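Undergrad: Here's the letter readout for the chains.
Number of protein chains: 2
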Amino acid sequence: MVRPTTRSVLALCAAGAVAATGVAVATNYDYGRDRSDALRAEISSRTPKNVILFVGDGMGDSEVTLARYYAKGAAGRLNMDRLPFRGSSIHYVLSPGPGPDYAPNYVGDSAPTATAWSTGKRTVDGRLSQGPSSALNVPGSNDGYRTFMEIARDRGKATGNVSTAEITDATPAGPSAHISQRACQGPNDARKTCPSETKESGGLGSIAEQQADQGFDVVLGGGRARYAQPLLAGGTTTVFDYARAKGYTQQPATADDLANVTSLRNGKVLGLFTNSNMTTEYAPLQARSKTWQDANPGFDPQKDAGSPETSCVQTNRPANEPSLSMMTSKAIQLLSRNRNGFVLQVEGASIDKRDHAADVCGQIGETVAMDDALGVALAYQRRNPDTLIIVTADHAHTSQMINAGQVPASLAAFATLKTVDGAPIRVMYGTATEEGASHGHTGAQVPVWAIGPQAANIQGTIDQTDIFGVLNGLRPARGHGWWTRPAYGK
Amino acid sequence: MVRPTTRSVLALCAAGAVAATGVAVATNYDYGRDRSDALRAEISSRTPKNVILFVGDGMGDSEVTLARYYAKGAAGRLNMDRLPFRGSSIHYVLSPGPGPDYAPNYVGDSAPTATAWSTGKRTVDGRLSQGPSSALNVPGSNDGYRTFMEIARDRGKATGNVSTAEITDATPAGPSAHISQRACQGPNDARKTCPSETKESGGLGSIAEQQADQGFDVVLGGGRARYAQPLLAGGTTTVFDYARAKGYTQQPATADDLANVTSLRNGKVLGLFTNSNMTTEYAPLQARSKTWQDANPGFDPQKDAGSPETSCVQTNRPANEPSLSMMTSKAIQLLSRNRNGFVLQVEGASIDKRDHAADVCGQIGETVAMDDALGVALAYQRRNPDTLIIVTADHAHTSQMINAGQVPASLAAFATLKTVDGAPIRVMYGTATEEGASHGHTGAQVPVWAIGPQAANIQGTIDQTDIFGVLNGLRPARGHGWWTRPAYGK
Numbered sequence: 036m037v038r039p040t041t042r043s044v045l046a047l048c049a050a051g052a053v054a055a056t057g058v059a060v061a062t063n064y065d066y067g068r069d070r071s072d073a074l075r076a077e078i079s080s081r082t083p084k085n086v087i088l089f090v091g092d093g094m095g096d097s098e099v100t101l102a103r104y105y106a107k108g109a110a111g112r113l114n115m116d117r118l119p120f121r122g123s124s125i126h127y128v129l130s131p132g133p134g135p136d137y138a139p140n141y142v143g144d145s146a147p148t149a150t151a152w153s154t155g156k157r158t159v160d161g162r163l164s165q166g167p168s169s170a171l172n173v174p175g176s177n178d179g180y181r182t183f184m185e186i187a188r189d190r191g192k193a194t195g196n197v198s199t200a201e202i203t204d205a206t207p208a209g210p211s212a213h214i215s216q217r218a219c220q221g222p223n224d225a226r227k228t229c230p231s232e233t234k235e236s237g238g239l240g241s242i243a244e245q246q247a248d249q250g251f252d253v254v255l256g257g258g259r260a261r262y263a264q265p266l267l268a269g270g271t272t273t274v275f276d277y278a279r280a281k282g283y284t285q286q287p288a289t290a291d292d293l294a295n296v297t298s299l300r301n302g303k304v305l306g307l308f309t310n311s312n313m314t315t316e317y318a319p320l321q322a323r324s325k326t327w328q329d330a331n332p333g334f335d336p337q338k339d340a341g342s343p344e345t346s347c348v349q350t351n352r353p354a355n356e357p358s359l360s361m362m363t364s365k366a367i368q369l370l371s372r373n374r375n376g377f378v379l380q381v382e383g384a385s386i387d388k389r390d391h392a393a394d395v396c397g398q399i400g401e402t403v404a405m406d407d408a409l410g411v412a413l414a415y416q417r418r419n420p421d422t423l424i425i426v427t428a429d430h431a432h433t434s435q436m437i438n439a440g441q442v443p444a445s446l447a448a449f450a451t452l453k454t455v456d457g458a459p460i461r462v463m464y465g466t467a468t469e470e471g472a473s474h475g476h477t478g479a480q481v482p483v484w485a486i487g488p489q490a491a492n493i494q495g496t497i498d499q500t501d502i503f504g505v506l507n508g509l510r511p512a513r514g515h516g517w518w519t520r521p522a523y524g525k
Numbered sequence: 036m037v038r039p040t041t042r043s044v045l046a047l048c049a050a051g052a053v054a055a056t057g058v059a060v061a062t063n064y065d066y067g068r069d070r071s072d073a074l075r076a077e078i079s080s081r082t083p084k085n086v087i088l089f090v091g092d093g094m095g096d097s098e099v100t101l102a103r104y105y106a107k108g109a110a111g112r113l114n115m116d117r118l119p120f121r122g123s124s125i126h127y128v129l130s131p132g133p134g135p136d137y138a139p140n141y142v143g144d145s146a147p148t149a150t151a152w153s154t155g156k157r158t159v160d161g162r163l164s165q166g167p168s169s170a171l172n173v174p175g176s177n178d179g180y181r182t183f184m185e186i187a188r189d190r191g192k193a194t195g196n197v198s199t200a201e202i203t204d205a206t207p208a209g210p211s212a213h214i215s216q217r218a219c220q221g222p223n224d225a226r227k228t229c230p231s232e233t234k235e236s237g238g239l240g241s242i243a244e245q246q247a248d249q250g251f252d253v254v255l256g257g258g259r260a261r262y263a264q265p266l267l268a269g270g271t272t273t274v275f276d277y278a279r280a281k282g283y284t285q286q287p288a289t290a291d292d293l294a295n296v297t298s299l300r301n302g303k304v305l306g307l308f309t310n311s312n313m314t315t316e317y318a319p320l321q322a323r324s325k326t327w328q329d330a331n332p333g334f335d336p337q338k339d340a341g342s343p344e345t346s347c348v349q350t351n352r353p354a355n356e357p358s359l360s361m362m363t364s365k366a367i368q369l370l371s372r373n374r375n376g377f378v379l380q381v382e383g384a385s386i387d388k389r390d391h392a393a394d395v396c397g398q399i400g401e402t403v404a405m406d407d408a409l410g411v412a413l414a415y416q417r418r419n420p421d422t423l424i425i426v427t428a429d430h431a432h433t434s435q436m437i438n439a440g441q442v443p444a445s446l447a448a449f450a451t452l453k454t455v456d457g458a459p460i461r462v463m464y465g466t467a468t469e470e471g472a473s474h475g476h477t478g479a480q481v482p483v484w485a486i487g488p489q490a491a492n493i494q495g496t497i498d499q500t501d502i503f504g505v506l507n508g509l510r511p512a513r514g515h516g517w518w519t520r521p522a523y524g525k
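Those protein sequences? They're chains U and A, same order as listed. The first sequence begins at 36 in the numbering used here and counts up by one. The second sequence begins at 36 in the numbering used here and counts up by one.
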């Protein structure tokens, strides 16, 4: 784990990354003026030609607010904040059972939540775009779990899947694989965990193999080690080889390689840039509990867990790994050549992973990085207003912003940072079962924003499965109004 | 504290309050249909005649989701969810300083946050609708901190202020008082804490006295003890007497008294129904830490801290206290007779107070109670579409929904309840400094919903001070669109 040194922090401060500025008593942007007409002008019921879905993994309202305050300041705004429509997404999943109805599980993992928007249907923890039946591989268990990316491909649209995680991780696997266990990422993994679902057993194979079979045009992220696994136990042909045979003849492995890919005419693109997850933009800064701090007298809050003078070191990613913005930009460049339009999913994966780890800088940096990638897409959308952009999260997460003078009890980890306002912000992580253990997901409704044709459909309180319909393009209304829609109440 | 007994819980279950039902794999309300036109039809740039502001104190997205799942189920919806427009409100306040700019304090209390929407300006913790200068009572310290309710009154609108807290508590005091310390609720309190701001000292007096001077037409809530304090030290004339002389000739003290108030022709209405805060709708259910549970072998999770079979006892409020719905209904009934329209603030106060106390049932019941009161207002709004309703929170709070099988470390309190779906939900409180201490506010952006004329202005990411402008009625747009508004970025 790379730790920021006092010197590196001070160098950053000297470079002007942290400016001590105050805020005014009133900062209203356009005090007292109505903007009803401006919102009305953003509503369009046309069918979008292109759709870009951004998923901030674990990016609840708390994570968004932390990133905004840290990187943009109290009066600053993220790109997410620019989107005209905003709703909340309810993301419960199912508990295992005999069906046909299932008890809800209010706090799920990234596999069933990815399934929800990918297929319009819910499933159980760990499962990807496959039904919740407790019997695995029963006939028809994938019935009706067709994904928006499969639908778009079959409609002749170009398709792309981008993530900072292993590309075989749950969120990018949602639209690209059907399997009972998210752990079955490569052939070796599947032989161990899903033996009845391997290709040898007559199944669809591991997530990596299924992704090669899907043939989506641009696939970018981490996870080389999964694709380097042999198709057959003890064999030498890897998933990389298999994918090449399936048309993925462009396989960039560095940022420079990716920059040199200029067209899909030379083949589909499978660009995996790290063996596991990609490196975070900001260096880690580990939140620690009061108990841990007291038990570690050598603990230096300046560099180890934050103090009101600590900033994040923002230069952690090696130059040979592309940023999420670079991957997003390249994907749009390649996919937008298609006359029928394109569908692209972009995941900021390590917001979740660093939240689990109580790594406050890692989490904030990944949120900002996804927001920067959104900025790339928004620039494209302004020039191509037939593009729908949706931004959401799969589930909420642990991190909370507490009063900068407050010390949470006992084993809750916390760290304090200095924001661009020059003011202290304290972040707390309290859901782990013990010091150093992984913190957990939380169940609060998560934000969903949108701009472009049919963007108004994410408005209000929606179910995560409703996003599926919007991704596919909606049919005309049946004429009922906001109030008379049928499903409110039980 | 009233504790639910096993018998009372079982009686409730038998009465059908908890029905074990499952959820379907897909519950989309109107699968695949566009509702752009329905949203467009909700946009109106007319100036609202009537404005009703609901404030759920401490009601962040986590608190909303908990109440929805518990009381309505995974596929159920609250009245809040029916509102067509939804934004997020950023609610930082100011740290003390010399000015003119101030360092932001990202996690404030209810006084400066109430000041933000009441006056359109920020201030420091503890202060109400008064400037942040570190010198108290400097000339002009209230300049520019005119409240929306004062503005409405002076425009000839009827005005109302309703809360389940003491009516002199910070949130109802926001639009009705200007004072340096929220603790100065009655004359005795002010003599102790704000001696330079009493009427004897030439100041505006305590919050209760200022409320009598303001002359808002309908004032309903708790806090009799503050109004029973003597105007002068050792005197016998109380604030009740003073208010009567100021025109508050109707002073109901019970739900029956309130029902018998039928018109403002007989005088303004000051209805205070409890000495302190009003009683919560649901009986308390105290979340407890694993450490506490282990140290208390007599601990019965069934009745003391929740288990997967525990439900909330929903019959805690005595019949002589009106519910928030009853107070809201009566306020609307009385105020709506005014030809110039009315402005009404309604607070669900004890969402926050029970969140501080890790009382999971108390918190949920108060959220549902405020949502029920919103239902009363929505019914009025449907018949009177020139009414703008805004629903928001002042700040976020501690409670988090975690996986029902997870035991958070050490001193974090948790409790598990059975929802109307028949499924377990686990709620955790982890920000207190020690077992049993008060949990703290959190800084996540909070929801804001609206319906009615100019409701579209709460859309997207807004500053809490922006709500002030919407409450007053906005002037026509200056013609720029959503994208070109000036204040994004720093």
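These are computed hints drawn from the structure, not numbers from a lab. Source: prediction; values computed, not measured. Check each hint, because a few of them may be wrong.
All copies of an identical chain are treated as equivalent in the list; a pair is satisfied when it fits inside any one copy or across any two copies.
[Claimed, not checked] Derived lysine to any residue pairs resembling SDA-like cross-links, with alpha carbons at most 20 Å apart:
1. K84 - R68
2. K325 - A472
3. K84 - Q441
4. K281 - R259
5. K325 - S473
6. K84 - G67
7. K388 - Q441
8. K281 - T82
9. K281 - N331
10. K325 - E470
11. K234 - R300
12. K388 - N438
13. K388 - D160
14. K234 - T297
15. K234 - A59
16. K84 - R352
17. K325 - R81
Undergrad: The structure should be examined with respect to each hint, and the outcome stated for every one.
TA: Verification of the hints:
no. : hint        : verdict
1   : K84 - R68   : between (33 Å within a copy, 17 Å between copies)
2   : K325 - A472 : both (15 Å within a copy, 16 Å between copies)
3   : K84 - Q441  : neither (50 Å within a copy, 44 Å between copies)
4   : K281 - R259 : within (17 Å within a copy, 77 Å between copies)
5   : K325 - S473 : both (17 Å within a copy, 18 Å between copies)
6   : K84 - G67   : between (36 Å within a copy, 16 Å between copies)
7   : K388 - Q441 : between (25 Å within a copy, 18 Å between copies)
8   : K281 - T82  : neither (31 Å within a copy, 61 Å between copies)
9   : K281 - N331 : neither (54 Å within a copy, 63 Å between copies)
10  : K325 - E470 : both (10 Å within a copy, 15 Å between copies)
11  : K234 - R300 : neither (30 Å within a copy, 82 Å between copies)
12  : K388 - N438 : between (24 Å within a copy, 17 Å between copies)
13  : K388 - D160 : within (17 Å within a copy, 35 Å between copies)
14  : K234 - T297 : neither (34 Å within a copy, 77 Å between copies)
15  : K234 - A59  : neither (63 Å within a copy, 31 Å between copies)
16  : K84 - R352  : neither (34 Å within a copy, 55 Å between copies)
17  : K325 - R81  : neither (55 Å within a copy, 54 Å between copies)
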